[in-house]
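Enquirer: Protein sequences appear in the order of chains A and B. Numbered by the working numbering, the letters in the first sequence go through residues 2 to 280 in order. Numbered by the working numbering, the letters in the second sequence go through residues 20 to 278 in order.
Take the hints with a grain of salt, since some may be wrong.
With a cut-off of at most 25 Å between alpha-carbon atoms, the simulated DSS-like pairs for lysine-lysine come out as follows [said to hold, decoys possible]: (1) Lys154(B) - Lys23(A); (2) Lys270(A) - Lys201(A); (3) Lys23(A) - Lys270(A); (4) Lys31(A) - Lys201(A); (5) Lys138(B) - Lys270(A); (6) Lys154(B) - Lys138(B); (7) Lys201(A) - Lys23(A); (8) Lys270(A) - Lys155(B); (9) Lys138(B) - Lys127(B); (10) Lys23(A) - Lys155(B); (11) Lys51(A) - Lys270(A); (12) Lys155(B) - Lys138(B).
Hints were generated in silico from the structure; no laboratory data involved.
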Amino acid sequence: MAVDTADAVLITELMAKPARRKLWPAVWPKLLAVAIFIGAWQVVVWLHWKPEYVVPSPFTVLDQLRHDLGTLTGSVGVTMRRAGEGFGLAILIGAAIGLAVARLPILRAGIGSMITGLQTMPSVAWVPLAIVLFQLSERAILFVVVLGAAPSIANGIIDGVDNVPPLLMRAGRVLGARGFSALRYVVVPAALPAVVSGLKQGWAFAWRSLMAGELITVFPGSIGIAQTLNVSYQNSDFVGVYEAMIVIFVIGVVVDAVFFGTILRAIRKRYGLIDAAAL
Amino acid sequence: MTAPTELEVRIQPAAAVSIADVSKVFGNGRGSVAALDHISLDVAPAEFVCLLGASGCGKSTLLNIIAGLDQPTSGQVNVRANRTGLMFQEAALFPWLTARGNVELALKLGGVGRDERRKRTDQLLEMVHLGDFAKKRPHELSGGMRQRVALARALAQDAEVLLMDEPFGALDAMTRDRLHDELETVWRDTRRTVIFVTHNVREAVRLGDRVVLLASRPGRVAEIFPVEIPRPRRIDSAEVATLAAAITDRLRAEVSNGR
Ligand SMILES: Nc1ncnc2c1ncn2[C@@H]1O[C@H](COP(=O)(O)OP(=O)(O)OP(=O)(O)O)[C@@H](O)[C@H]1O
Ligand SMILES: [Mg+2]
Numbered sequence: 002m003a004v005d006t007a008d009a010v011l012i013t014e015l016m017a018k019p020a021r022r023k024l025w026p027a028v029w030p031k032l033l034a035v036a037i038f039i040g041a042w043q044v045v046v047w048l049h050w051k052p053e054y055v056v057p058s059p060f061t062v063l064d065q066l067r068h069d070l071g072t073l074t075g076s077v078g079v080t081m082r083r084a085g086e087g088f089g090l091a092i093l094i095g096a097a098i099g100l101a102v103a104r105l106p107i108l109r110a111g112i113g114s115m116i117t118g119l120q121t122m123p124s125v126a127w128v129p130l131a132i133v134l135f136q137l138s139e140r141a142i143l144f145v146v147v148l149g150a151a152p153s154i155a156n157g158i159i160d161g162v163d164n165v166p167p168l169l170m171r172a173g174r175v176l177g178a179r180g181f182s183a184l185r186y187v188v189v190p191a192a193l194p195a196v197v198s199g200l201k202q203g204w205a206f207a208w209r210s211l212m213a214g215e216l217i218t219v220f221p222g223s224i225g226i227a228q229t230l231n232v233s234y235q236n237s238d239f240v241g242v243y244e245a246m247i248v249i250f251v252i253g254v255v256v257d258a259v260f261f262g263t264i265l266r267a268i269r270k271r272y273g274l275i276d277a278a279a280l
Numbered sequence: 020m021t022a023p024t025e026l027e028v029r030i031q032p033a034a035a036v037s038i039a040d041v042s043k044v045f046g047n048g049r050g051s052v053a054a055l056d057h058i059s060l061d062v063a064p065a066e067f068v069c070l071l072g073a074s075g076c077g078k079s080t081l082l083n084i085i086a087g088l089d090q091p092t093s094g095q096v097n098v099r100a101n102r103t104g105l106m107f108q109e110a111a112l113f114p115w116l117t118a119r120g121n122v123e124l125a126l127k128l129g130g131v132g133r134d135e136r137r138k139r140t141d142q143l144l145e146m147v148h149l150g151d152f153a154k155k156r157p158h159e160l161s162g163g164m165r166q167r168v169a170l171a172r173a174l175a176q177d178a179e180v181l182l183m184d185e186p187f188g189a190l191d192a193m194t195r196d197r198l199h200d201e202l203e204t205v206w207r208d209t210r211r212t213v214i215f216v217t218h219n220v221r222e223a224v225r226l227g228d229r230v231v232l233l234a235s236r237p238g239r240v241a242e243i244f245p246v247e248i249p250r251p252r253r254i255d256s257a258e259v260a261t262l263a264a265a266i267t268d269r270l271r272a273e274v275s276n277g278r
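Only chain B is shown next, with the shape it has when bound in the complex (with noise of 0.2 Å):
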């Protein structure tokens, strides 16, 4: 491969996630914390990247700030999309609605008509299996149903930039395998960009284009590994195990360094 010319450097789509040098310490003297440590990350346009990082290292205070939730104490966040969904952690559903009226209301908030909103809600609760479950209230339902009505919302959402921490954590293997499936089509149809927080390291190489390793206390970019297996993927293949499996090695590294 020939280096880029200039011209296509040029004409290479700006990022459309780009984290410039990025602190977050929360509260200040002696009792503050540290969450994120000088962190830099441009992610493309449609590009799928997975964040892997111990407990406590700042994913989700990472997701706050390109969502604009929280301000960084120093460095810069540029999203360039006009919406950008997040999942969080938690289901965090209206729980005065039911699971077809907190979908609904991500399409109404997103300005689409009465007709299609209603078509659209049907699709995307099917698409999560929960056609049977729409006129239940968040209470009602199990964790991992809780999970999926987040995750038909946030598509409800059609942002270009979609953030996701931790979706499928509360999911069997086996919905989990689906909703990976679904989450591709619906990925590589819409070209969005995903930024996908996981503890689960096949995951992380089933979906993402990159992985994205990120070291504790406080949180820095540890390292990037690129995943050049071939789409579709298969959670269970032996080249995602391959894979995982190093990165695991890493982690347990990093896991290990923070303590």
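Next comes chain A alone, as it looks inside the complex (with noise of 0.2 Å):
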């Protein structure tokens, strides 16, 4: 008798539920809210609550992003670059801190706080100073970037060592695990989660301090997609402005909530930390 009556109960369970996710029930929900808010945009515009020229209809300004598409996918390309170079140098500085941080209970005790008093310094107010420091440059949006999105980073990693289950981590003992391959068997994967979480929160951090730096800095060669928005403000192209706005909302939840909120609850399925019930 290869299978228990135990067994039996739980593969039915399992075969009950199925294993492809679906995807529409999860997008119609969003779809309603877009035409809803489209809705509601539409009738502010008809209420005339402000002239045309400054609060246009939803479709004028559809209409212009589908013409512009060209051009704003030249800003899209330069934004991306630089959030990718920033975040990319992010994670490398993060992870060095957090994993200093998190071994080294001497720099715990310097610095560990301070690195969640730098999470929560708005990345605006690092603009000056990366100005002062690299002038209107390249490097002065990465600066901000990176000090936007480190400390995260470096908080999911400490955050991930330090709560890795004391029980697993003596099992591991048990078996073996000690030193190098007690990391790399035991607390890298049990922090993944919160590294991953921290990952996420880095980005958003990231994005913002991206619009941020782009914003304040506008300097002559490459066009960023906020400094797109500041441009078209200067010029009084309002359009211009929703245009851009739609642009750098959809990117933050295109990469927040659909990459990284996948990845991460993938994650916690695999790990057993979303309730069952629930799925």
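Combine both chains into one complex, guided by the hints.
Expert: Shown next, in the form of structure tokens:
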């Protein structure tokens, strides 16, 4: 008898659960929300609360957006390159600091709480310093992005390493995992959910910092999406302002919720951190 | 039987686990708890010893100390083995690994090569009747199934000394009986030393060469019962029942003393 009663019950339960996640139930509420938002916007336009060149119809904006897709793609490209570089550098620095603080008590005592403090610092507050240090340049923007994102990433790692369940450390030790192999086979996998959620938060901060940086530091050369926003504003092209804001919002949501959100949910599910009944 | 000669005494194998006058106090000051009080016990190589005692009498504490996860407050523990396996009271599986992954990791950390590892993992999972559940993660398994994965993982370690903390607590009687047979076979074939904690007196008599009864608050050795019933034994045999009844009486007295 290879399967006993308890096993048989579980098999039926597992078979009753469809393995592949259905897309539609997750998508339609979001589409509905967007529709309601556009509707409400149109109602505001009809009420003539503000002149039409200040609050244009959503359809005017979407139309223009389709028309401007080419130029916008260019500035999105510039922005995403900056985001990639800044976030990548923030990961390197955040990981180094996070690991160092998690492992060295003296560092933890010294700067552990300051990392959280840095996180609460609004990224715009760094911009003047960045300009003083690096003038109006790519490096000034990079500086702001890294300072915005690195603390969250470091905190995710510290949090993950601190909260490895002691029982699992003991289980690893009994199985012969010590030193590096304990790190590799117990600490790293146990810390993974916290680390990824730190990355997700780090991305959100990186994106905000990048927008703050681009908005304030307009310089000739590469024009990012928030710089496009600024230029439109200066030229009183308010449709352009809306366009850029929509693009900024959509990129933020897609990377945060769709990309990081999906990864995080998959990890939590795999680790059994999501209530099975809620799936 | 004549008294052993001096030579015989000398060539007697050294104990696999020797516990000498071990005490353990948790915390200090007024809130301190004396978990173990001057416990001494020698376990011979290839011996199967069962520990019985009321809840909270220090059984898990003792196993942790033997495994080297905890230090005794006083006294000494000597384990003559390259490896000591411990099956925790909670399954303590790694939630990010499948049942197969958990067993395989034990083999990997034990230095077993890849092909051999796959083969042994299959065998072990088959042995605990979980062949069909190899790909499930711990949170997808029932409590008893998790315990069985933990058993497979503990056996995968190939440790000379195997410590087991209520390994079969969450199993139905049928499954437990089958695993008793499997465990006995493994023990006999591999000549391991086993220290096995249980609350089930019959289980202790079914499996043990000796049954050690611990008294509580603080934990002491109350009495040691040699089990001279020939193997293979059956948990529902009359001999097992008779000895279990005697031990239960003694245990009952200990539990009410501890109150
Ligand atoms: N880490 C700890 N810190 C403080 N006290 C502890 C700790 N571990 C165990 N104790 C105490 O030591 C005593 C013995 O605990 P232990 O877990 O060894 O009992 P046990 O015999 O295994 O009980 P059970 O049969 O319920 O598992 C208990 O009073 C418990 O409160
Ligand atoms: Mg216990």
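Enquirer: Taking the numbered hints from earlier one at a time, note which ones the structure violates and give those numbers from smallest to largest.
Expert: Of the numbered hints, 5, 11 do not hold.
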